[in-house]
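Trainee: So you can see what is in the structure, the chains are spelled out below.
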Amino acid sequence: MDAFFTYGFLQRALLAGIFIAVACAVLGVFLLLRKDAMIGHGLSHITFAGVALGLFLHMMPLAVALAFSVLASLGIMKLKESAGLYGDTAIAIVSSLGMALGIILATLSQNFGVALLNYLFGEILAIEPVEVWLSMALAAVVVVLVVGNYRKFMFLTFDRESARVSGIRVRRLDTLITILASVTIVLGMKVVGILLVSALIVIPAAAGLQLASNFKAAIVLSCGVGLVSVIVGLALAFVLDLPASGMIVLVGFLLFGLFFLLRKGKT
Amino acid sequence: MDSSAAENKPLISVENVSFSYGYGLVLLDITLPIHEGDFLSIIGPNGSGKTTLLKIILGLLKPTRGRVRIMGKDLEEFADWPKIGYIPQKATHFDPLFPASAKEVVAMALGPSRLLSRGTRRREESAIRHALQVVGMEEFRNRRIGRLSGGQQQRIFIARAIVNGPRILFLDEPTTGVDAETQGYFYDLLDRLNTQEGITIVLVTHDIGIVDKHISQVACLNQRLVYHGSHGEFCRSDTFKDILAGGHLVSHRH
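Same order as they appear, the protein sequences are chains A and B.
Heads up: the first sequence begins at 1 in this note's numbering, then just goes up one per residue.
Heads up: the second sequence begins at 1 in this note's numbering, then just goes up one per residue.
I should point out that these hints are in silico values taken from the structure, not numbers from a laboratory.
No more than 27 Å apart at the CA atoms, straight line, and that leaves these computed lysine-lysine pairs for DSS-like:
| id | chain 1 | residue 1 | chain 2 | residue 2 |
| --- | --- | --- | --- | --- |
| 1 | A | 78 | B | 62 |
| 2 | B | 90 | A | 216 |
| 3 | A | 35 | B | 90 |
| 4 | A | 80 | B | 62 |
All chains, full assembly: derive it from the sequences and hints.
Mentor: The following block contains the structure:
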């Protein structure tokens, strides 16, 4: 506990982590129910290219990655709709392209090995104050937009056709949720790294869905799992001197396992 | 159709609508007025274009020719969609693990939740309660939708379709896979909505045998509109005799 008050970096990590965890957890429930769990995985790979480009151009990697990720998410949406590709093919193509571009850019500039590794594996303890504020603001926007539209999102996810007839502009909401997903991925990247960011979206939501009997409960449980993962994961990482990203995802996975067993016990 | 109804402006008018997919014609020159208070059954064999017609009326498909007017407005300009209730054919084919309670499913149609206004929240609560009472499902309000029986789920979807107080309710094959007893209850419920709540009902069914006593109008579709008129006349019509005789539907002049 003393360490928390002594070390500014720990406070920053916790603060940013809490906001980002909630954004990921809230959005995750919708993405999972839309059968879009893999979009997190795909977008995180394209984010890699964005980060590499940012480092290459000496611009803020977070900002470049954000722009990259938003554009890629809209590209995936378009490909899925109009190119006549099966299921996850669009995601697979765009994510491979992202990785390829990232590798090429990384090789071209040669001098950012450590920085790039930090983005790949996550280094929340090294988060800059400006990134903390940006993360908090963006996470708050994601949560407000999702919660504000949650009935519409729920309707759209549950029964697309009826939602359309009820006057909901389904395409607009599809675009919104896709953009929010890309923003959330970039934020999550700061906490657990590109390679694990989809875990931050998928695991809390999957855990919440194990025990929820209604939608509100699913969101609340998902947020709870996300928060506990970040807080306990960070604390364990600090005490045991292990990587925070790995510990956060591990705690999340243990909670998922616990919820899974509880559900099995109930039925 | 009686003459007084014919003089009224129809709630919905389908005017010379044709529709074709890439491979062929689905609907040809359909003209069908639907009046306030009607209990209309659109019947016809599989592939006769009933669902397509419904989707055109609801703006889900664009007609190749002709137009649809809802409450006096062209479909493109019509914006008062909460006044239209709809239960699609595959309403009960949802993800059975979807974590929504019956109450939440009904609330889906209410638009954005206004967390801040207590008055709106109270109004929404009472609208949900009323809709659930009408379909006799209030005691199941907190049950997860996937844990209800097919007939109960269908009643919840009706509650969702009427929660905004619509003027017209469209149902596409609502009794498929529902047992006879539940079916009877279902038609009584639709009749109550029609007579007590004043909701115009449009029911699509492939089961030509279902010409329930509550139905006031019948539109018989087989690419063209083969018959449109009152239920009583329909039962005496050549179309109906053809169907009873097991013959194919042939085109009679409307």
